[in-house]
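**Q** Spelled out, the chains give:
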Amino acid sequence: MFRRLTRPISASAKREERIFYLFILPWLIGLVVFSAGPVLGMLGLSFTDWRISLDDLQFIGLDNYAKLFADPIFWTSVGNTLYIVVGRVVFGVSFALLLAVLLNQKVPGIAFFRAVYYLPTVTAGVAVALVWIWIFNPRLGILNYSLKQIGITGPPWIFSKDWVKPSLILMSMFSVGPIMIILLAGLQGVPKELYESAAIDGAGNWKKFTNVTLPMLSPVLFFVIIISVVSSFQNFTEIRVMTEGGPGESSNVMIWYLWENAFIFLQLGIAAAVAWIMFVVLMVLTGAQFWVGRRWVYYEADSG
Amino acid sequence: MTTRKPKESVSWRKSIKGRRAIGYILTFALLVPLGIAFVLPFIVMVSTALKPLNQVFAFPPRLIPETVQWENFADGWYGYGYVNFTTCTWNSLKITVNNIIGNLVSCTLAAYAFARLKARGKNFFFALVLATMLLPNEALVVPQYVLFNRFGWLDTHLPLMVPPWFGWPFFIFLLRQFFLTIPEELVDAAKIDGAGHARILLQIFIPLSKPALATLAIFAFIGNWNNFFGPLLYLRTPDVQTLPVCLVQYQGAYGNTDWHLMMAVATIAVIPVLLIFIFGQRYFVEGIATSGVKG
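For the record, the sequence lines run as chains A and B.
To convert, note that position 60 of the first sequence is 60 in my numbering; the numbers rise steadily by one, no gaps.
To convert, note that position 74 of the second sequence is 74 in my numbering; the numbers rise steadily by one, no gaps.
Watch out, some of these pointers could steer you wrong.
[Said to hold, decoys possible] Some chain A residues close to chain B (C-beta under 8 Å, calculated; not the full set):
no.	residue
1	16
2	38
3	39
4	41
5	42
6	117
7	120
8	123
9	124
10	127
11	134
12	138
13	262
[Said to hold, decoys possible] Derived list of chain A stretches under chain B, where covered just means 3 residues or more per stretch with a C-beta under 8 Å from a C-beta of chain B:
no.	segment
14	25-37
15	80-92
16	101-113
17	139-153
18	236-247
19	281-288
The set of hints was computed from the structure by calculation and includes no laboratory data.
Predicted model, so just to flag it, every value in this text is computed and none were measured.
The beta-carbon is built from N, C-alpha and C at its ideal position, and this holds for glycine as well.
Using the sequences provided together with the hints, build the complete structure.
**A** Below you can see the structure in the form of structure tokens.
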């Protein structure tokens, strides 16, 4: 009998299953129509000579990828993206960790400081990017003026090829709010007993930090690094508002390269190839996050 | 009996009280300057917004304007021929409110299903939620553009206002985590009373999840209000533009920008976000902490 082969399911369980699929249906439709469909379409289009119209597409195999890899500006944009990714991970994450450690101190008024430190993150957008153009102004800006007061001649910041990427990294350090809060929550999750036993073993503050805090924090740190890498790929607003990839190509990052090819040069096939590469990189990063953090993630999720 | 007094030679610096005081001082020595640095961009923005143009370019730069020119706000708002800030603000508000509601409705349904319903295939679909959680929309923008072009949606608000009704993996994940914390006994009791899933969701889960829902609403508000990429991509004519795009149009040719007026409008654009943040701060911080520590 067939009934033996399929797991017996009661009527109420069947109804529950129907409700489950009914409830996830909007998300599922969205996934197919707005994400999965486009991703597959993008893969297909990256093999065509797509310019503007979709009507007479020629299949050109890997030509777009070949053209892309032969374009020195593409490699410049990859290099710039890597530069910013590394800068944001090294400086942004350590700065966020410093802020989290500060906010973890038991001093009065800490909630106020937490809010202040988070503030630039929520307002990150066109309005604040415009302010930063002004802050970075080499002659009249507040940044170089302040540096001058302590005897330093400031660099030309976003207006020079050498300084534009460090400037963007510096600016991004003002919006480390989310990773700061995640690290703070991580710090507060370190069991107190560990510090107590470390103190009994005679460990000082620095020893406690390197031998207790950092190891206990490592999964959170890993997650935070992944987030900052992913968000480094999204820095479109600053580039569009502040530098447009310049001076020269010195702040041309992958998302800007994609934008220029898609919507300015109308080389949509090439843009699709870039987008596909970005997609693969981001999926690999997400995969790495869950692979490394799996035990920790599910443990917390089950108990949570 | 010997009650030994602490030796006088133990210096104040090493005593517990002294250590704590030094700790306080060191902490504040870092907290305060950093705090000032974090609000400095706003001070620059507001002070530029209040200056007459000739003082904007004055050297040395002054944070407190010599003369306050309040009319910059009105001039900035109305003074730029083809940019209509009233229309842009209205468009931003309309899109933002729609997207908050859409996200909350669609994500609540999916989160409830993932948290509380049993079904074959559930783990597979939840894995898909996790896999797409970190994927930024920017990576999908080229094919989405083609799709919305096919739908005839370009230069309308539909590409911005329809997708939020179809869930957002990050929000689904956060809400599911929250729903898992609601005690099973409440659900069982409701089931005994004959409540269906729709009623359990409406009468138990939603009232108990107000903080989580508030968090998501704040996230959605800020994300949509600041959204620049989408509007820039899908909208062309001035009548449909949103606030961030309007602000960029204020940037004249290089060097010709009316900085004082632009900063005045930028200040106005930031105020709603500031207010939401100040009043919703508690939810906000908790929401992010949950997202990080629990996954």
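**Q** If a hint holds in the structure, say so; if it doesn't, say that too.
**A** Hints, verified against the model:
For residue 16/A, the interface hint holds, the least distance from its beta-carbon to any beta-carbon of chain B being 5 Å, beneath 8 Å. Because the closest C-beta pair between residue 38/A and chain B is about 3 Å apart, less than 8 Å, the hint holds. Proximity of residue 39/A to chain B holds as hinted, the smallest CB-CB distance being about 7 Å (cut-off 8 Å). Look at residue 41/A: its Cβ gets to within about 4 Å of chain B, closer than 8 Å, so that hint holds up.
Hint status for residue 42/A: holds, given a least beta-carbon distance of 4 Å to chain B, under 8 Å. Interface hint status for residue 117/A: upheld, as the beta-carbon distance to the closest one in chain B is roughly 6 Å, under 8 Å. About 6 Å separates the beta-carbon of residue 120/A from the nearest beta-carbon of chain B, less than 8 Å, and the hint is met. With its C-beta approaching chain B no nearer than about 5 Å, residue 123/A sits inside the 8 Å limit, and its interface hint holds.
A hinted interface residue such as residue 124/A counts as satisfied when its beta carbon comes closer than 8 Å to some beta carbon of chain B; here the least separation is about 7 Å, so the hint holds. For residue 127/A, the interface hint holds, since its Cβ comes within 8 Å of a Cβ in chain B; the closest pair sits about 4 Å apart. Taken as an interface hint, residue 134/A checks out: its beta carbon lies about 6 Å from the nearest beta carbon of chain B, inside 8 Å. Taking 8 Å as the C-beta contact cut-off toward chain B, the hint placing residue 138/A at the interface is violated, the least distance being around 12 Å.
With its C-beta approaching chain B no nearer than about 5 Å, residue 262/A sits inside the 8 Å limit, and its interface hint holds. Counting residues of the segment 25-37 of chain A whose C-beta lies closer than 8 Å to any C-beta of chain B gives 10; at least three are required, and the coverage claim holds. Counting residues of the segment 80-92 of chain A whose beta-carbon sits less than 8 Å from any beta-carbon of chain B gives 0, not enough to reach three: the coverage restraint is violated. Here the segment 101-113 of chain A counts 4 residues with a CB under 8 Å from a CB of chain B, which clears the bar of 3, and the coverage holds.
Check result for the segment 139-153 of chain A against chain B: holds, 5 residues qualifying (beta carbon to beta carbon below 8 Å, three or more required). Beta-carbon proximity to chain B at under 8 Å applies to 4 residues in the segment 236-247 of chain A; the threshold of 3 is reached and the given coverage holds. Three residues within the 8 Å Cβ limit are the bar, and the segment 281-288 of chain A against chain B gives 5, so the coverage statement holds.
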